[in-house]
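Undergrad: Chains as they are written, first to last, in our numbering: chain A, 267 to 563; chain B, 3 to 278; chain C, 34 to 437.
There may be inaccurate statements among the hints.
[Stated by the list, open to error] Restricting the straight-line Cα-Cα distance to at most 30 Å, the calculated cross-link-like pairs of lysine-lysine (DSSO-like) are: (1) A:K452 / A:K364; (2) B:K59 / B:K224; (3) B:K16 / A:K452; (4) B:K16 / A:K467; (5) A:K275 / C:K152; (6) A:K364 / B:K16; (7) A:K364 / B:K14; (8) C:K207 / C:K189; (9) A:K467 / B:K14; (10) A:K397 / A:K549; (11) C:K352 / C:K321; (12) A:K364 / A:K467; (13) B:K224 / A:K452; (14) A:K467 / A:K452; (15) A:K397 / B:K224; (16) A:K467 / A:K549.
[To be verified] Sample of chain B residues at the chain A side, in silico, Cβ under 7 Å: (17) I38; (18) L94; (19) V95; (20) T134; (21) S249.
Don't read these hints as lab results, they were simulated from the structure.
Even glycine gets a Cβ: it sits at the ideal position worked out from N, Cα and C.
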Amino acid sequence: MRLDTISLKGWLALALVPLAIFAVFYVVPVFQLFWLSLSRFDPSVGIIPAVDPGYFIEFLTDGYYLGILGRTVFVSLAATLATAILAYPLAIYLLTSKGWRQTSLLVALVLPLVTSSIVVSYGWLILLGQKGLVNNLAMGLGITSEPLQLMYTDTGIVIGLTHVLLVFMSLSIAASMQGIDANLAKAARSLGATPWTTFRKITFPLTLPGLRTGCLLVFSLSMSAYATPVLIGGSRRKVLSYLIYQQSSSLLNWPFAAAMAVVLLVSTLGIVGLVRLYERVRKNAARHGAVAVEAGR
Amino acid sequence: MSHRPDGNLLEKAKRGALAAYVLLLAIFLAAPIVAITLGSLTASNYVSFPPQGLTLKWYAAIFSQPVYLRALLLSLVIACLSATAAIVIGVLVALALHRYPTRLNVLLQGFVLTPVMLPSIFIGLAFLISYTRMGFGGSAFGLFAAHVVVATPFAVSLILLGVRGVNPVLEMAARSLGASPWRARRLITLPLIAWSMAAGWSFAFMMSFGSLEISLFLNTPKTVTLPVAIYTALEWSPLDPMLTAISSGLVIVTLIVLLLLVRTVKIDQLMKRGGQ
Amino acid sequence: MDRSLEPRDRALDANSQQRAAAATAAARSIAGGARSAEPHIEIVNMSYIEIQDLEVRYGNFQALSGVSFNVAERERICLLGPSGCGKTTTLQVMAGFVAPSGGEVRLAGRSLTGLAPEKRNIGIMFQNYALFPHMTVFDNVAFGLRMRGVAPSEIKRQAMAALERVRLAHAAQKMPGMMSGGEQQRIAFARAVVIKPSLLLLDEPFSNLDARLRQEMRGELLELLAGLPIATVMVTHDQEEAMAIADRIVVMRAGRIQQIGTPGEIYSSPMSLFAARFIGDSNTFAGKVTKADGNGVEVEIAGLGHIRGRNHGLSAGDKAEILVRPQHVTLAKPGFAEGQRNVVPATVERVLFLGHRTEIHVRLGDGTMFIVWAQEHGGPDVQQGAAVTLAWNVTDTFAFPGAG
Chain A
267 MRLDTISLKG WLALALVPLA IFAVFYVVPV FQLFWLSLSR FDPSVGIIPA
317 VDPGYFIEFL TDGYYLGILG RTVFVSLAAT LATAILAYPL AIYLLTSKGW
367 RQTSLLVALV LPLVTSSIVV SYGWLILLGQ KGLVNNLAMG LGITSEPLQL
417 MYTDTGIVIG LTHVLLVFMS LSIAASMQGI DANLAKAARS LGATPWTTFR
467 KITFPLTLPG LRTGCLLVFS LSMSAYATPV LIGGSRRKVL SYLIYQQSSS
517 LLNWPFAAAM AVVLLVSTLG IVGLVRLYER VRKNAARHGA VAVEAGR
Chain B
3 MSHRPDGNLL EKAKRGALAA YVLLLAIFLA APIVAITLGS LTASNYVSFP
53 PQGLTLKWYA AIFSQPVYLR ALLLSLVIAC LSATAAIVIG VLVALALHRY
103 PTRLNVLLQG FVLTPVMLPS IFIGLAFLIS YTRMGFGGSA FGLFAAHVVV
153 ATPFAVSLIL LGVRGVNPVL EMAARSLGAS PWRARRLITL PLIAWSMAAG
203 WSFAFMMSFG SLEISLFLNT PKTVTLPVAI YTALEWSPLD PMLTAISSGL
253 VIVTLIVLLL LVRTVKIDQL MKRGGQ
Chain C
34 MDRSLEPRDR ALDANSQQRA AAATAAARSI AGGARSAEPH IEIVNMSYIE
84 IQDLEVRYGN FQALSGVSFN VAERERICLL GPSGCGKTTT LQVMAGFVAP
134 SGGEVRLAGR SLTGLAPEKR NIGIMFQNYA LFPHMTVFDN VAFGLRMRGV
184 APSEIKRQAM AALERVRLAH AAQKMPGMMS GGEQQRIAFA RAVVIKPSLL
234 LLDEPFSNLD ARLRQEMRGE LLELLAGLPI ATVMVTHDQE EAMAIADRIV
284 VMRAGRIQQI GTPGEIYSSP MSLFAARFIG DSNTFAGKVT KADGNGVEVE
334 IAGLGHIRGR NHGLSAGDKA EILVRPQHVT LAKPGFAEGQ RNVVPATVER
384 VLFLGHRTEI HVRLGDGTMF IVWAQEHGGP DVQQGAAVTL AWNVTDTFAF
434 PGAG
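Just chain A, with the same shape it has in the complex (with noise of 0.2 Å):
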């Protein structure tokens, strides 16, 4: 039995409060955000209402601007790499335990998630200084005799972000490996397969859609992160989203920020966008192959 009798308005009691207060607190912040993006602006005079696309040229024309992007990608796309080779591991472990240790997995997992990006940042800006513990650890162990450098870099950078995605990753492939039948690694063990060759062959395969989902998840998630590059890389390894933060607060450039935030939600989107649109095409091909295959019998 389904339960929709009158349904228009049954939804709409209970959507429309929700609709309307997300339309004024969200949708029509960023819709002005996109028109502000077109603005001019003057230090003496302020915003200069306008459809102009000024600020877009100057950031996609100057080497500075499109190196603090390159730089960002940069960072994104180590991210990404990091966090799906650790999370495998992670992923396999989180479904095969029970109880306290999954929980206790769990909780690790989603703590730099909710703890404040502040207090991880600052936790990293100890651990990772001339004389913080991962220093005096590696010398301590005889790995290098002078002090790494690794809190002002891109790879302080990659570590901070890989540290707080991890979770996302993880979550992605774990649900993804759930949904395989556990009979197909049998069978394919009754037909001969190694342990190896079964991961390899048949379950690694086979979660690659939830790979995908949590490379697009980390990159989005890095490309737009703040206090973490931010504090981890300060002023000398600036991303975008300094950039952006410098331009509205301290320079008062508006438009000239909103357009930075539409061209980092763009770059974003937009390589999401293609990958999304090469697992459709290659989805079609797959059917059309497919019914080719049984016309062709």
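Given the structure of chain A, go ahead and fit chains B and C onto it with the hints provided.
TA: Quick look at chains B and C alone, frame taken from chain A:
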């Protein structure tokens, strides 16, 4: 499953290796937070981890700094209010999304679930610009509204898990027995999703309490949240151990709420629906 | 007897309907223990529930079309049909969860159109029982009484009495999740009837159970329904269930009623191929009508010769489907005499001993597979590959219009 003796050893070795790996990663995940909390106990006058000596004097010092206490209070109040608003909206949205298969839900999802997909800088700037124009840019209300927008998607996701687990026929049974639609929802559905509402509240609280970027943009001398206070202080005196004490205060509040979340969420339900 | 194939035809005229229901009602009142020794005269409301011309449309999809039937005051009706036939939709309309696009439902003369579900005082037993998992057994049963504002002491009395009647008073403080399937059914029943509903609706009560459990639960349900003087409408796709429980069956297909009748009537006098196939087991094969009149038809089956049977709206030259039930067919030695029987030669493919009966699969001359059921002790003495003659009565042969 093999029953050869060396097969068992191999299995054990593999499981041991996996456990060791997970343990290492868990240490990695906890490291910066542990560094902050333990570092706050140092007796030295500059930040050091491992701590040199153990003392609680930096925690005591907080009480002489009303700035931080005010920031803590503001953060707590805003987080509580935002989380509560988020779950009220969350229940409405989750029920609409799950019980009414209409294409209008795309609109609802677009409005309520997308804030989390946008860069926090993007959305923070948008709030700043818009709320200033609307007249409440620098006020606590603006902060509250922004936090609600950002925390609601999390509340909705968790409450959706709860709603999906409730058989809609139960409400119909209640109605056939004489309950009005509102009573049926209140007596039957709400108690059954209460666990997901608690989980949603906890998550929304933590997101609001720890939010930095949004609060930074809407920051004024009158509306300083705790993360923002720590951020500004870091720019001036990063080596002051009192800052670590304040930070670990933040961690403690977060941990308490996190443990509440863990208690209420049924982990197996979460794992089962994780892919949706 | 000829039967027309109009979907809206009722199998019984009003008189027969009245007789059937009165007999049932009288039997029940006697079973319930009539106080006096005098013959008990029941005045039974034949149209206690009237379903008139129900139409339900979802966009372009017609879920119900011209659905009409009556339910007498203490009658048990079963809506029977495959999934998608509209039986559940009919139930939903009766319960008030779906508003019909046309037609109406009347209860004791009052129209229910526009009346909210919570005001209809209809007891419903849902598939999977829909017991409130977060409330005790007692609170589940008491829920309807609470909604009606009954005084707490009275609630306790009535709910406990209901639980005692289903022998679960001891479980009042337990949670439904801890009860077995049979106990859950009894709780759901108690909950639905304690509010003294005017009508009881059952939605596919056994569809999720395996065969053995189904039988047990069916028996229990029959026990529960025995003492209940309420009109009952049940929905199922299982014909055996329908035949066991219903006084009358309403066979539905694709949103329309195919036939209404007692189980016996539908089984022995089905009015359409669909009804004949849906109820009971059957062998069917296609052919062309050579002769047709009021007394019967003669159909030519390719490779098998002529088969005679009962005419259900066929004329000479039509395509026909012949249907005969496995238990009506006997095996005989070749060359058996004809008379009022159809006779067809066949070869035995396999013999399956199923315990209570033996199933013999035979192949006819044109390649059709035929199933014969034999219940002689030990089974008929046939081997695989043997040539046999199938024989069955002309009166057991149904001929319907075939698919175009």
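Undergrad: The structure should be examined with respect to each hint, and the outcome stated for every one.
TA: Hint check:
no. : hint            : in the structure
1   : A:K452 / A:K364 : holds (22 Å)
2   : B:K59 / B:K224  : holds (28 Å)
3   : B:K16 / A:K452  : holds (18 Å)
4   : B:K16 / A:K467  : holds (19 Å)
5   : A:K275 / C:K152 : holds (20 Å)
6   : A:K364 / B:K16  : holds (17 Å)
7   : A:K364 / B:K14  : holds (17 Å)
8   : C:K207 / C:K189 : holds (16 Å)
9   : A:K467 / B:K14  : holds (23 Å)
10  : A:K397 / A:K549 : violated (52 Å)
11  : C:K352 / C:K321 : holds (5 Å)
12  : A:K364 / A:K467 : holds (27 Å)
13  : B:K224 / A:K452 : violated (63 Å)
14  : A:K467 / A:K452 : holds (13 Å)
15  : A:K397 / B:K224 : violated (37 Å)
16  : A:K467 / A:K549 : holds (19 Å)
17  : I38             : holds (5 Å)
18  : L94             : holds (5 Å)
19  : V95             : holds (5 Å)
20  : T134            : violated (9 Å)
21  : S249            : holds (5 Å)
This entry does not satisfy hints 10, 13, 15 and 20, going by the numbered hints stated previously.
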